[in-house]
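Using the hints provided, position chains B and C relative to the given structure of chain A.
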Amino acid sequence: MGTLAEQAARNLAAVREQKPLIHNITNYVVMNYTANALLAMGASPVMAHAHNEVEEMVSLAGALVLNIGTLTDEWIASMILAGKKAADLGKPVILDPVGSGATALRTDAAHRIIEQTSIRVIRGNASEILSLRHRDSMTKGVDSLHAVDEAAETAQVLARELETTLAITGPTDLITDGNRVIRVSNGHALMGYVTGTGCTATATIGAFLAVDPDPVSATATALAFFGLAGEVAAESAAAPGSFMTGMLDALYTITPEKLGSGARIEES
Amino acid sequence: MGTLAEQAARNLAAVREQKPLIHNITNYVVMNYTANALLAMGASPVMAHAHNEVEEMVSLAGALVLNIGTLTDEWIASMILAGKKAADLGKPVILDPVGSGATALRTDAAHRIIEQTSIRVIRGNASEILSLRHRDSMTKGVDSLHAVDEAAETAQVLARELETTLAITGPTDLITDGNRVIRVSNGHALMGYVTGTGCTATATIGAFLAVDPDPVSATATALAFFGLAGEVAAESAAAPGSFMTGMLDALYTITPEKLGSGARIEES
Amino acid sequence: MGTLAEQAARNLAAVREQKPLIHNITNYVVMNYTANALLAMGASPVMAHAHNEVEEMVSLAGALVLNIGTLTDEWIASMILAGKKAADLGKPVILDPVGSGATALRTDAAHRIIEQTSIRVIRGNASEILSLRHRDSMTKGVDSLHAVDEAAETAQVLARELETTLAITGPTDLITDGNRVIRVSNGHALMGYVTGTGCTATATIGAFLAVDPDPVSATATALAFFGLAGEVAAESAAAPGSFMTGMLDALYTITPEKLGSGARIEES
Chain A
-2 MGTLAEQAAR NLAAVREQKP LIHNITNYVV MNYTANALLA MGASPVMAHA HNEVEEMVSL
58 AGALVLNIGT LTDEWIASMI LAGKKAADLG KPVILDPVGS GATALRTDAA HRIIEQTSIR
118 VIRGNASEIL SLRHRDSMTK GVDSLHAVDE AAETAQVLAR ELETTLAITG PTDLITDGNR
178 VIRVSNGHAL MGYVTGTGCT ATATIGAFLA VDPDPVSATA TALAFFGLAG EVAAESAAAP
238 GSFMTGMLDA LYTITPEKLG SGARIEES
Chain B
-2 MGTLAEQAAR NLAAVREQKP LIHNITNYVV MNYTANALLA MGASPVMAHA HNEVEEMVSL
58 AGALVLNIGT LTDEWIASMI LAGKKAADLG KPVILDPVGS GATALRTDAA HRIIEQTSIR
118 VIRGNASEIL SLRHRDSMTK GVDSLHAVDE AAETAQVLAR ELETTLAITG PTDLITDGNR
178 VIRVSNGHAL MGYVTGTGCT ATATIGAFLA VDPDPVSATA TALAFFGLAG EVAAESAAAP
238 GSFMTGMLDA LYTITPEKLG SGARIEES
Chain C
-2 MGTLAEQAAR NLAAVREQKP LIHNITNYVV MNYTANALLA MGASPVMAHA HNEVEEMVSL
58 AGALVLNIGT LTDEWIASMI LAGKKAADLG KPVILDPVGS GATALRTDAA HRIIEQTSIR
118 VIRGNASEIL SLRHRDSMTK GVDSLHAVDE AAETAQVLAR ELETTLAITG PTDLITDGNR
178 VIRVSNGHAL MGYVTGTGCT ATATIGAFLA VDPDPVSATA TALAFFGLAG EVAAESAAAP
238 GSFMTGMLDA LYTITPEKLG SGARIEES
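Protein sequences, first through last, are from chains A, B and C. By the working numbering, the letter at position 262 of the first sequence is numbered 259, and the numbering carries on one by one without gaps. By the working numbering, the letter at position 37 of the second sequence is numbered 34, and the numbering carries on one by one without gaps. By the working numbering, the letter at position 98 of the third sequence is numbered 95, and the numbering carries on one by one without gaps.
The shape of chain A in the complex, shown without the other chains:
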């Protein structure tokens, strides 16, 4: 635990020093909040989705974040184009399969992106992650139907099948590459009342992956940082509006030292 909390502090310091450019192809709902969160933590966000721009843009970036909310066929095609280019260049790609399992378009898109590109990390709730395995799984919108614990063993098997690192987020986050299993218990219940906290957690993983090549430690430390921002925000906010403002403040004010002492990361 000590080691990963220290790594969290190092990763946050590296993001602030290197200010990696994070290329997001993400949904309309969360674009503004995601960009502001990346800026607040010290990274440099760019949003670009045109098929005739994404390959050039990803070449400039330290990581690529793909998010399938508010999806259309054109956006899926751009995500795959950008993802292939990122793979060619050895840049990390992170997928957020928003609503996968809820509709065929989203489930199919998630499967196609995984098959046709090289995804370093996938972050979702239990339903979304489980939908990547079972085409017959159903979720209610973007909410999770399954407890994290039920998903733990399945996640290990699935991570090996998909040859990626999975992050299943909830009250406790579970991170696994099929071998290592890590749990992060930072966070606050109000995060569920702000749209895009999941999507922005994914973008935070992107920023940490741009400075830490190990997908398991980058993901666990990013989620600890993002969860700690929720805890800090909740110290002075008791409702979603001021809480979402407070989270942006916390992503800016949390120091590497504070993260090193506040990260609750446990490897089993």
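Zero decoy hints are in this set.
With beta-carbon atoms standing in for the labels, derived distance ranges:
#	chain 1	residue 1	chain 2	residue 2	range
1	C	ARG177	A	SER258	52 to 58 Å
2	B	ASN176	C	ALA235	53 to 59 Å
3	C	ARG177	A	ASP105	53 to 59 Å
4	A	GLU112	C	ASN176	58 to 64 Å
5	A	GLU71	B	HIS108	26 to 32 Å
6	C	ALA186	B	GLU263	48 to 54 Å
To spell it out: a stretch of chain C is covered by chain A in this simulated footprint if at least three of its residues, at any positions, have a beta carbon under 8 Å from a beta carbon of chain A; those stretches are:
#	segment
7	57 to 68
8	97 to 108
9	191 to 198
To list a few chain B residues with every Cβ distance to chain A over 10 Å, as calculated:
#	residue
10	LYS82
11	ALA84
12	GLU158
13	GLU160
No lab work stands behind these hints: they were computed from the structure. Ideal placement from N, C-alpha and C gives every residue a C-beta, glycine not left out.
Then chains B and C, alone, in the frame of chain A:
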């Protein structure tokens, strides 16, 4: 008045208990704020607009909210597809004719959506609502040119013609299905300085319609709740930025009891 | 200096009195914040991008703001259509070449929009503005690589070549039409941690151009106003989340008198 205020309290409690999924096909400007408002009040928002996804998504939802800001032909087609499916399934559809009357694209879109689907409630300002009758009506952008009082009788006639419930919002909101006429006087002037308050009022009607089958009482109680959130926010905010944050907070903190005592709904 | 500060006060008062409709064709990331900023300062925003709506919409507007973030070919075509119509009607058009120089799509789009329409003012950082001259210039995302001072002489030459007014923003803003050179030193470092502050500065220029026909004074006074809002926000906010809320508040609360005394505009 007592009865509708009590119904407001019951509807808010039901939204918080049932957490209905509200499917929004809405404009880019307000997507984030609308989603956050729905989450704050206890509902579950989803935004999806692809022609090959909307029918499946609306099947999962408790209500469908159509909003014609930042419109294109593709989005109109998706709105009509989703609206028809909702009608087939007996799910309520709410229309926000943003800017109808200002441009031909928006006026025509509003007319087509009304003709080709089955709209339970339409909410707009006086100009927008009046434009649904007169194709030669003109509005200046999304501002209202006509006082609510001028529109009252016209609204009753129009509601009967369109076989729907109309909500004309302004300093006092007017709700009518052609027979009943209800006025809601909750609200605050700062709401006019935050983009998307009208659109988000419409989404709030969607959430209340998902738990209250009576379009007149669902609409009146939703507008009282949303207006009361504005009043509560204004207690601690005197400018638009902190006011818009405060409204999200209020949508979360207002209890059914507070709404029951604070709703100002009058039936004439 | 006295004269331009007084003009700033007059322009702000005129925006609040005339409430000009500002037509924005802008990127998804900043639409909400830009609309809220325009509302807060007293203008009336509308966002519309459909090829079959933009000409009609711009006919109703006092100014047209074009912003090339989150660009596609369809949006470029709409921008050019709207820009040509605005030129025909003698309405001011303001261009924000977001990311020009970073990718070919954006650089080419900026060049095409400038060539095919009549741009009154262009606002960007030094890299973006310099990319309008040199097709081989490169920028890292939307960050500026060049100091404002290096760009000053180049800007004068370029403004004459492009027959427009250029605003290069940074710690000190430089405004030139090729003859006059004005510097504005209002602003705060936290503005760099909020996405869309540049884009929203551009929209503010749009609002001021709708009431002040002189592009140089409209631009300088708008940037002084927007920068002063940053200074006022920083008095009560020390981190980006509360700062971005505070800026919206300040755009609403700053009086013409306060702007007249707080504007730091210097003509050389």
